[in-house]
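Undergrad: Okay, here's what each chain looks like letter by letter:
2 protein chains.
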Amino acid sequence: MNIAILGYGNLGQGTELAAYNSRDLHLAGIFTRRDPARIKPLTKTARIFPEKDLLSRKEEIDVLVLCRGSATDLPEISPMLARHFNIVDSFDTHAAMETHFSQVDAAAGETGHLALIGAGWDPGLFSTVRLWAESILPKSTADTFWGPGVSQGHSDAIRRIPGVKDARQYTVPIEEAVASAERSGHSVLPPQSKHRRECFVAAEKGADLARIEKEIKTMPHYFANYRTSVHFVSEDTLRQKHAAIPHGGCVIAAGQTGLQNQHRQLMEFRLKLDSNPEFTGAVLAACARAVHTLHGRGQVGCITMADVAPADFSPLSPADFRRRLL
Amino acid sequence: MNIAILGYGNLGQGTELAAYNSRDLHLAGIFTRRDPARIKPLTKTARIFPEKDLLSRKEEIDVLVLCRGSATDLPEISPMLARHFNIVDSFDTHAAMETHFSQVDAAAGETGHLALIGAGWDPGLFSTVRLWAESILPKSTADTFWGPGVSQGHSDAIRRIPGVKDARQYTVPIEEAVASAERSGHSVLPPQSKHRRECFVAAEKGADLARIEKEIKTMPHYFANYRTSVHFVSEDTLRQKHAAIPHGGCVIAAGQTGLQNQHRQLMEFRLKLDSNPEFTGAVLAACARAVHTLHGRGQVGCITMADVAPADFSPLSPADFRRRLL
Chain A
206 MNIAILGYGN LGQGTELAAY NSRDLHLAGI FTRRDPARIK PLTKTARIFP
256 EKDLLSRKEE IDVLVLCRGS ATDLPEISPM LARHFNIVDS FDTHAAMETH
306 FSQVDAAAGE TGHLALIGAG WDPGLFSTVR LWAESILPKS TADTFWGPGV
356 SQGHSDAIRR IPGVKDARQY TVPIEEAVAS AERSGHSVLP PQSKHRRECF
406 VAAEKGADLA RIEKEIKTMP HYFANYRTSV HFVSEDTLRQ KHAAIPHGGC
456 VIAAGQTGLQ NQHRQLMEFR LKLDSNPEFT GAVLAACARA VHTLHGRGQV
506 GCITMADVAP ADFSPLSPAD FRRRLL
Chain B
206 MNIAILGYGN LGQGTELAAY NSRDLHLAGI FTRRDPARIK PLTKTARIFP
256 EKDLLSRKEE IDVLVLCRGS ATDLPEISPM LARHFNIVDS FDTHAAMETH
306 FSQVDAAAGE TGHLALIGAG WDPGLFSTVR LWAESILPKS TADTFWGPGV
356 SQGHSDAIRR IPGVKDARQY TVPIEEAVAS AERSGHSVLP PQSKHRRECF
406 VAAEKGADLA RIEKEIKTMP HYFANYRTSV HFVSEDTLRQ KHAAIPHGGC
456 VIAAGQTGLQ NQHRQLMEFR LKLDSNPEFT GAVLAACARA VHTLHGRGQV
506 GCITMADVAP ADFSPLSPAD FRRRLL
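Protein sequence lines, in the order shown, are assigned to chains A and B. The first sequence begins at 206 in the working numbering and counts up by one. The second sequence begins at 206 in the working numbering and counts up by one.
FYI, nobody ran anything at the bench for these hints, they're computed from the structure. Keep in mind the model is a prediction, meaning the values are calculated, not measured. A hint or two may mislead.
Since the list can't tell identical chains apart, any single copy or any two copies may satisfy a pair.
Claimed, not checked - Under the rule of at most 27 Å between Cα atoms (straight-line distance), these lysine-lysine pairs were calculated in the BS3-like manner:
1) K249 to K344
2) K245 to K344
3) K446 to K245
Build out the structure end to end from the sequences listed, making use of the hints.
TA: Structure (structure tokens):
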């Protein structure tokens, strides 16, 4: 099957590597807004095209993977491109999910395409584990923790403060809150009581560090009410020690069974990722495989990963799966 | 939807409790080989019938959950009953899985029924996580650990030794092997290097304890080559401290991504269950829900949990799922 990638940032590169490592996926091309002549792809066999050539290469593409941002790009391009392609996107703005779903569903349904939205690990794998918990243990509530890992949005927010040259923000689960979730089923805590924020900041020469630290710690929504620590470091240190994009997190669901609810049943799913974009890209590639299979069976419209049987993410035949992994 | 339970041991009781706790599942009846008059069900609304009445009550049952053993019962009754009912079974004899699958598939397919075999947590949820790992991270191998938990088969084996009145055997993962799996992707170790066995034994008065301990530790397949410890305790202690049936385990998959495989990606799924039969019964109930839904869409033949989209295990509508858990 032939997949194509739209957008060649970190996520696009992660998806490129995933296709390169999957024997059954052929990368038909990477499409970018930038000048293809000035971009060197990571893998030898990848070809880069200008975004304007996308529709003219429609016949060569079974599934198009959209590696663009949720904030402004995907709400516009996912419905538009679902009229021409089977697509996978990683839309993750929770409040706008239902609107996005309806628009993509209408576009894909009308033109006989299949679109999978919200692909990745959260939403994505974590959503499935939350669904398992609620389906199997009706008396449980799944609790989700994010990190330790880099939050791009929070890093950007720090960079906009005057006097800051560069910054990297790590979201870190608070250990006592994780332990409480494991004990009690769910911690019933707001996000700011479950996570702390660690900031590494390179300031301009002569900048007022106390003011920068205060501006970070009092920034509404982003840092205010969070346990926040600020470390000033050199630009070199940022480049050398904080260039990676690790992330991860866990879903913890503790339910009860038994006539007197006397038996505790704990379910836990955890990811520790050295590279968030490469793992997410690998999930998108598996989703592209599933979309191709399900579209081949006649399915059209919009779905999420919870609508896909696990076997359809896999290149294995059902008999091979039963023999090797069941 | 109406489910019925065949077999009223620990697993049958666990499934009864799961149906009782699920608003959308109605328990049409429990069918047993024993005299129904002499059995008091756990839940007030459950009705107990003799097994011979099963076929005559066919019309009242949407899905029949088979709570019988894999060793001798299921290979015989699953294909037989799949001719008359949609069924769920927890068949877990790995070596015989493909034969069982074919026989059930033929029986269910010919008569227009749907059968889900191998339901539970391993095979079951753990199989799906192993499949996720292989689908998303082609360079990973998932490693599975069982326990800490009670192994019924090993407990029975100890009880057959002369001089033993009662026994309980716990399978416990060896911590260094778990740590090694988390570090390296897979520990490449045989089961006896990944698990140790802890035995609590009540001996008859005057029995030769040294001989019993030696017979346990040298028992081929069961204990020989395993790190085994034997503790002699009173029958009272066994009853008071070892009556529960806890279990659990984990699947650990560590893969690599990146052009030089430089990024480690770790996926871990863990269960800690105070009651193995009650959790497994809850999984079987969720599978019964899925079988009813998929059969309603026209699916027939034999499937496993990997062939079911997570959304179909849930009583939630797709829109409710997207709003609450995605």
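Undergrad: A separate judgement is required for each hint: does it hold in the structure or not?
TA: Tested hints:
1. Within a single copy, K249 and K344 get their C-alpha atoms only as close as 52 Å, which misses the 27 Å cut-off; across copies the closest is 19 Å, which meets it.
2. Within a single copy, K245 and K344 get their C-alpha atoms only as close as 52 Å, which misses the 27 Å cut-off; across copies the closest is 25 Å, which meets it.
3. Only within a single protomer do K446 and K245 lie at most 27 Å apart by alpha-carbon distance; the minimum there is 25 Å, versus 65 Å between protomers.
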